[in-house]
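> Listed below are the residues making up each chain.
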Amino acid sequence: MSRAMKRREFLKVSLAGTGLVLAVSAGAFPVDASSEVKEKVVTSGITWIPNVWIRMTPDNVVTFLMNKSEMGQGTWTSLAMAAADELDADWKDVRVEASPVTDAYKDPLFGMQITGGSTGVRHMYDPMRNAGAVGREMLIKTAAREWKVPAGECWTDKGKVVHEKTGKSMTYGELCVKAAQIPVPQKVQLKRRENFRFIGTSVPRLDTPGKVNGMGVFGLDVFVPGMLYSALARPSVFGAKLASVEKDAAEKTPGVRQVVIIPDGVAVVADTIEAAWKGRSALKVTWQGGDLPNLDDAAVERMLAEHMKKKGLVAKNVGNAEEALKKASRRMEAMYSLPYIAHAQMEPQNCTADVRKETCEIWCPTQFQTAVLGVAMKETGLPADKVNIHTTQLGGGFGGRAEVKVVTEAVRISKAVGKPVKHIWSRPEDFKNDFYRPGSLHRMEAGLDGNGQLMVWRHKVVVSPIMERVLPALVKDGIDPTTIEGIVDMEYSLANQHTEYVRLDSPIPVGFWRSVGNSGNTFAVESFIDEVAHATGKDPLAFRLGMLKDHPRAARLLKKVAEAGGWGTPLPKGCGRGIAQRFCFGSYTAQLAEVSVDKETGVITVRKMVAAFDCGQVVNPDSVVAQIEGATVMGLSTALKEKITFAKGGVATSNFSDYEILTMSEVPEIEVHIITNNDKMGGVGEPGLPPVIPAVANAVFAAAGIRLRSLPMSPDVVRKALAQAASKA
Amino acid sequence: MLELIINGNRHKADVDPGANLLWVIREHLRLLGTKFGCGEGVCGACTIHLDGEAVRSCQLTAGDAVGKAITTIEGIPQDHPVKKAWIEEQVPQCGYCQPGQMMEAAAFLAKNSHPTQEEIVQAMDDVLCRCGTYPRILKAIKKAALAGGAK
Numbered sequence: 001m002s003r004a005m006k007r008r009e010f011l012k013v014s015l016a017g018t019g020l021v022l023a024v025s026a027g028a029f030p031v032d033a034s035s036e037v038k039e040k041v042v043t044s045g046i047t048w049i050p051n052v053w054i055r056m057t058p059d060n061v062v063t064f065l066m067n068k069s070e071m072g073q074g075t076w077t078s079l080a081m082a083a084a085d086e087l088d089a090d091w092k093d094v095r096v097e098a099s100p101v102t103d104a105y106k107d108p109l110f111g112m113q114i115t116g117g118s119t120g121v122r123h124m125y126d127p128m129r130n131a132g133a134v135g136r137e138m139l140i141k142t143a144a145r146e147w148k149v150p151a152g153e154c155w156t157d158k159g160k161v162v163h164e165k166t167g168k169s170m171t172y173g174e175l176c177v178k179a180a181q182i183p184v185p186q187k188v189q190l191k192r193r194e195n196f197r198f199i200g201t202s203v204p205r206l207d208t209p210g211k212v213n214g215m216g217v218f219g220l221d222v223f224v225p226g227m228l229y230s231a232l233a234r235p236s237v238f239g240a241k242l243a244s245v246e247k248d249a250a251e252k253t254p255g256v257r258q259v260v261i262i263p264d265g266v267a268v269v270a271d272t273i274e275a276a277w278k279g280r281s282a283l284k285v286t287w288q289g290g291d292l293p294n295l296d297d298a299a300v301e302r303m304l305a306e307h308m309k310k311k312g313l314v315a316k317n318v319g320n321a322e323e324a325l326k327k328a329s330r331r332m333e334a335m336y337s338l339p340y341i342a343h344a345q346m347e348p349q350n351c352t353a354d355v356r357k358e359t360c361e362i363w364c365p366t367q368f369q370t371a372v373l374g375v376a377m378k379e380t381g382l383p384a385d386k387v388n389i390h391t392t393q394l395g396g397g398f399g400g401r402a403e404v405k406v407v408t409e410a411v412r413i414s415k416a417v418g419k420p421v422k423h424i425w426s427r428p429e430d431f432k433n434d435f436y437r438p439g440s441l442h443r444m445e446a447g448l449d450g451n452g453q454l455m456v457w458r459h460k461v462v463v464s465p466i467m468e469r470v471l472p473a474l475v476k477d478g479i480d481p482t483t484i485e486g487i488v489d490m491e492y493s494l495a496n497q498h499t500e501y502v503r504l505d506s507p508i509p510v511g512f513w514r515s516v517g518n519s520g521n522t523f524a525v526e527s528f529i530d531e532v533a534h535a536t537g538k539d540p541l542a543f544r545l546g547m548l549k550d551h552p553r554a555a556r557l558l559k560k561v562a563e564a565g566g567w568g569t570p571l572p573k574g575c576g577r578g579i580a581q582r583f584c585f586g587s588y589t590a591q592l593a594e595v596s597v598d599k600e601t602g603v604i605t606v607r608k609m610v611a612a613f614d615c616g617q618v619v620n621p622d623s624v625v626a627q628i629e630g631a632t633v634m635g636l637s638t639a640l641k642e643k644i645t646f647a648k649g650g651v652a653t654s655n656f657s658d659y660e661i662l663t664m665s666e667v668p669e670i671e672v673h674i675i676t677n678n679d680k681m682g683g684v685g686e687p688g689l690p691p692v693i694p695a696v697a698n699a700v701f702a703a704a705g706i707r708l709r710s711l712p713m714s715p716d717v718v719r720k721a722l723a724q725a726a727s728k729a
Numbered sequence: 001m002l003e004l005i006i007n008g009n010r011h012k013a014d015v016d017p018g019a020n021l022l023w024v025i026r027e028h029l030r031l032l033g034t035k036f037g038c039g040e041g042v043c044g045a046c047t048i049h050l051d052g053e054a055v056r057s058c059q060l061t062a063g064d065a066v067g068k069a070i071t072t073i074e075g076i077p078q079d080h081p082v083k084k085a086w087i088e089e090q091v092p093q094c095g096y097c098q099p100g101q102m103m104e105a106a107a108f109l110a111k112n113s114h115p116t117q118e119e120i121v122q123a124m125d126d127v128l129c130r131c132g133t134y135p136r137i138l139k140a141i142k143k144a145a146l147a148g149g150a151k
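Read top to bottom, the protein sequences are chains C and L. According to this note's numbering, the first sequence holds residues 1 to 729 in order. According to this note's numbering, the second sequence holds residues 1 to 151 in order.
Hints listed in this document are in silico derivations from the structure and should not be mistaken for laboratory results. Certain hints may be false.
Stated by the list, open to error - The list that follows gives simulated cross-link-like pairs (lysine-lysine, DSBU-like), each with its CA atoms no further than 30 Å apart:
{"id": "1", "chain 1": "C", "residue 1": "LYS92", "chain 2": "L", "residue 2": "LYS84"}
{"id": "2", "chain 1": "L", "residue 1": "LYS12", "chain 2": "C", "residue 2": "LYS419"}
{"id": "3", "chain 1": "C", "residue 1": "LYS92", "chain 2": "L", "residue 2": "LYS143"}
{"id": "4", "chain 1": "L", "residue 1": "LYS143", "chain 2": "C", "residue 2": "LYS608"}
{"id": "5", "chain 1": "C", "residue 1": "LYS316", "chain 2": "C", "residue 2": "LYS284"}
{"id": "6", "chain 1": "C", "residue 1": "LYS641", "chain 2": "L", "residue 2": "LYS84"}
{"id": "7", "chain 1": "C", "residue 1": "LYS559", "chain 2": "L", "residue 2": "LYS139"}
{"id": "8", "chain 1": "C", "residue 1": "LYS92", "chain 2": "L", "residue 2": "LYS139"}
{"id": "9", "chain 1": "C", "residue 1": "LYS252", "chain 2": "L", "residue 2": "LYS139"}
{"id": "10", "chain 1": "C", "residue 1": "LYS573", "chain 2": "C", "residue 2": "LYS549"}
{"id": "11", "chain 1": "C", "residue 1": "LYS160", "chain 2": "C", "residue 2": "LYS148"}
{"id": "12", "chain 1": "C", "residue 1": "LYS357", "chain 2": "C", "residue 2": "LYS106"}
{"id": "13", "chain 1": "C", "residue 1": "LYS158", "chain 2": "L", "residue 2": "LYS84"}
{"id": "14", "chain 1": "C", "residue 1": "LYS608", "chain 2": "L", "residue 2": "LYS12"}
{"id": "15", "chain 1": "C", "residue 1": "LYS560", "chain 2": "L", "residue 2": "LYS12"}
{"id": "16", "chain 1": "L", "residue 1": "LYS142", "chain 2": "C", "residue 2": "LYS608"}
{"id": "17", "chain 1": "C", "residue 1": "LYS641", "chain 2": "L", "residue 2": "LYS139"}
Stated by the list, open to error - If you anchor each label on the Cβ, the simulated ranges turn out as follows:
{"id": "18", "chain 1": "L", "residue 1": "PRO17", "chain 2": "C", "residue 2": "GLU246", "range": "27 to 35 Å"}
{"id": "19", "chain 1": "C", "residue 1": "GLU164", "chain 2": "L", "residue 2": "ALA69", "range": "41 to 49 Å"}
{"id": "20", "chain 1": "L", "residue 1": "GLY8", "chain 2": "C", "residue 2": "PRO472", "range": "53 to 61 Å"}
{"id": "21", "chain 1": "C", "residue 1": "PRO254", "chain 2": "L", "residue 2": "ASP64", "range": "14 to 22 Å"}
{"id": "22", "chain 1": "L", "residue 1": "GLU119", "chain 2": "C", "residue 2": "GLY537", "range": "56 to 64 Å"}
{"id": "23", "chain 1": "C", "residue 1": "LYS559", "chain 2": "L", "residue 2": "ALA69", "range": "26 to 34 Å"}
{"id": "24", "chain 1": "C", "residue 1": "LYS559", "chain 2": "L", "residue 2": "GLU119", "range": "36 to 44 Å"}
{"id": "25", "chain 1": "C", "residue 1": "ASP296", "chain 2": "L", "residue 2": "GLN122", "range": "51 to 59 Å"}
{"id": "26", "chain 1": "L", "residue 1": "GLU3", "chain 2": "C", "residue 2": "GLU146", "range": "35 to 43 Å"}
{"id": "27", "chain 1": "L", "residue 1": "GLY8", "chain 2": "C", "residue 2": "ARG145", "range": "51 to 59 Å"}
{"id": "28", "chain 1": "L", "residue 1": "GLY18", "chain 2": "C", "residue 2": "THR286", "range": "38 to 46 Å"}
{"id": "29", "chain 1": "C", "residue 1": "PHE196", "chain 2": "L", "residue 2": "GLU119", "range": "38 to 46 Å"}
{"id": "30", "chain 1": "C", "residue 1": "THR286", "chain 2": "L", "residue 2": "PRO17", "range": "16 to 24 Å"}
Note that the structure is a prediction, hence the values are computed from the model and not measured. Beta carbons are placed, not taken as given, at the ideal position from N, Cα and C, and that holds for glycine.
Whenever a hint applies, use it, and build me the whole structure from the sequences.
Have a look at this one:
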């Protein structure tokens, strides 16, 4: 079966059509055609213009190629809207599909193909609009040439070029093959905002019908002819190495084809995934060594506390915090801590790889195609043009699919057996091999002057770095930006501010998790600000507003949630409201939580959440609302429930039974206010999350008078805090 | 060789009666809408109907389903009130858990065509969604109920 045929089976769409492929790169164009385009050039016999964002065929279908991964954010629809608006396409003819993985499809600002940092629409909006506008102009010129009329007299209308004077009209499908002969314009006029047809409206998502009918193709839904399944036995202790393995019983398991040793462990390759798992259970493997064989929850706590005693690197130093703290008429100090948490995306990690002598083909739900390519090249020794990567739909990502551990394993196993292999992690493997949102410890100090004005803020954080491993070029002077985001750039104006970072040296792998450093740091900052506000006797809202002169947009959102959430109005006994805000990924969010605390059981019930969000220009309002709803639910889940547990040198957590996430009965009414304006476009996927957690903690304080400084805010933690408060009183 | 009745069609599968029903449906019969999420019956992504009851296919064997009517997401008609409501409310984000959510909802509405919000929440409370689409799932089920979800 040819490569093209296999791809067709995978995508379940016919790629047999021919037509126009448009050349528009993010910056200068044209750029080299991708291998896939070249392949089509050969098979179609039509002169193509290199570098594709748009493919048009005589049946009027317009396909936009997406270099960003769709993991639920709605990016594909928003980017298609941007291109379709400029192209003046008929929406019913618009399709989207994952782009190939070649240099032409790198994010122009990152120089890599990656979906992360809430940049999907932000980075690709202009290139996609430009691509659409170029297409439209070429189609107009084609029609003008056909009709022998000036191009300036032609116009477009929903997938057609029209010439009013003669009443002539041709569809894009009729024009597209000939349009391929028109030179690519070097500069095009983009639409004015008031002429947008799609941008700024809640166009239903293109991927919804397929997902509702069970037809979405996720990584696990990939089938390749002759494919086998693989399961890998790994050590349970971080850093342990293979000592010995008895393969006999595994090899005799019905359906098992081969047992191979790869650097990551012992792989069982079989006809079915069930046989692979059975075979793996039959292996007798002994491991030796390990980084910290006695690692457990208590050891993690000790490790964080020990590191807090160390001197760290100064990440920010404004004014003189030391002096200001000495002079302060009131000084406050508190320790905050956060647990390691998992991505727990619903589709377990998986990758299908077919490594042959001359080629390597990979199908996977990935956020980081450039890293997948790098792994494939390194493991196979093949050049980039011999590696063909297909991005499937992602059954959730949240940063976890920026990791390529599963890809590395799949490529190594396929290479070892010389056959295509679908490599699947079971749910326990997914929990135990994640790159977690790092646990962290925070020492917070604040100093107030005689008037209750906050004059100094000192924040020392102990946390493991992420970029050192993933993108080391971003580490500056030993400081990983993910460790201090949300601290050094806090929104409040302060005369004296000091931030110290202690690098936590730990074997626990950490990675990007929705909003990255902000998810933990904002909990510490926005909770402690609340403590300071209460200490001064000021209203937490008024206190914040008084310090937000540099961030009027944050102030506006806080006022919005306060007004919509009934801030200051009476509540039943045992209930309280809390607020918090954060500016990250180019967007502002404020969250108001209304909670009740059951003093008997310690159960926190979130009664209502009110979010206000300002990401500047909005492409698809309903998609933005959906992201804020989702971020709010995920934030509540981590606030109340989530924590990875460790034992015997590794991860103890194994499934959703011991890593509970929020369920429907725990989800309150969520009210989302989107503030639309013409400010620079900000990110959408991540920024809604960070303020959720401190808003809840602040509401718990208002409701029950207890300040919860560690997560999750589980019933046992609440009961302990209530008991402590009662014994003090 | 086993015979399974799925979505009204007879399928022959060359599997052991002890083979896991989820993987038989997915990998042998290639009905891919039924998803693997946890393998322990706790997430609900693999929910199907067995003689009209919502069940977790990852907890059953193929043998358990012989002679029974299996319905998967592919067997729910396009114009089913649940599917229509899911599209109208724009429920899915990543979409991975949604077939399971819809199968649970369809079986529930078939038994309780005029549910209260509490009854919906109780019925849906053990089907997990990491994207946090729960508020929209709730709205969609209410809408489907009004549109005659028992259909």
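> Note whether the CB distance of ASP296 (chain C) and GLN122 (chain L) lies within 51 to 59 Å or breaks it.
Violated, since ASP296 (chain C) and GLN122 (chain L) (Cβ atoms, about 37 Å apart) do not stay within the stated range.
> Given the hint of 27 to 35 Å, is the C-beta distance from PRO17 (chain L) to GLU246 (chain C) inside that range or not?
For GLU246 (chain C) against PRO17 (chain L), whose Cβ atoms are near 30 Å apart, the range 27 to 35 Å holds.
> Would the pair LYS573 (chain C) and LYS549 (chain C) pass a check requiring their Cα atoms to be no farther apart than 30 Å?
This hinted pair is violated, its Cα atoms lying about 35 Å apart.
> Take the C-alpha atoms of LYS357 (chain C) and LYS106 (chain C), compute the straight-line distance between them, and say whether it is at most 30 Å.
Between LYS357 (chain C) and LYS106 (chain C) the Cα gap is close to 27 Å, so the pair holds against 30 Å.
> Verify the proposed pairing of LYS252 (chain C) with LYS139 (chain L), using a straight-line Cα cut of 30 Å.
Since the Cα atoms of LYS252 (chain C) and LYS139 (chain L) sit roughly 52 Å apart, the hinted pair is violated (cutoff 30 Å).
> Within a Cα-Cα threshold of 30 Å, do LYS92 (chain C) and LYS139 (chain L) meet the stated pairing?
At roughly 26 Å apart (the allowed maximum being 30 Å), LYS139 (chain L) and LYS92 (chain C) satisfy the hint.
> Is the hinted range of 56 to 64 Å satisfied by the C-beta distance from GLU119 (chain L) to GLY537 (chain C)?
violated (46 Å)
> Has the given pair, LYS641 (chain C) with LYS84 (chain L), been kept, meaning a C-alpha gap of at most 30 Å?
violated (33 Å)
> Within a Cα-Cα threshold of 30 Å, do LYS92 (chain C) and LYS143 (chain L) meet the stated pairing?
Holds. LYS92 (chain C) to LYS143 (chain L) sits at ~25 Å (cutoff 30 Å).
> Straight-line Cα separation of LYS12 (chain L) and LYS419 (chain C) no greater than 30 Å?
holds (27 Å)
> Indicate whether the distance between the beta carbons of GLY8 (chain L) and ARG145 (chain C) respects the range 51 to 59 Å.
The hinted range 51 to 59 Å holds for GLY8 (chain L) and ARG145 (chain C), with Cβ atoms some 55 Å apart.
> That 16 to 24 Å hint for THR286 (chain C) and PRO17 (chain L) (C-beta), does it hold up?
Between THR286 (chain C) and PRO17 (chain L), where Cβ atoms are some 35 Å apart, the hint is violated.
In this structure, the hints that do not hold are numbers 5, 6, 9, 10, 14, 15, 19, 22, 23, 25, 26, 28 and 30, in rising order.
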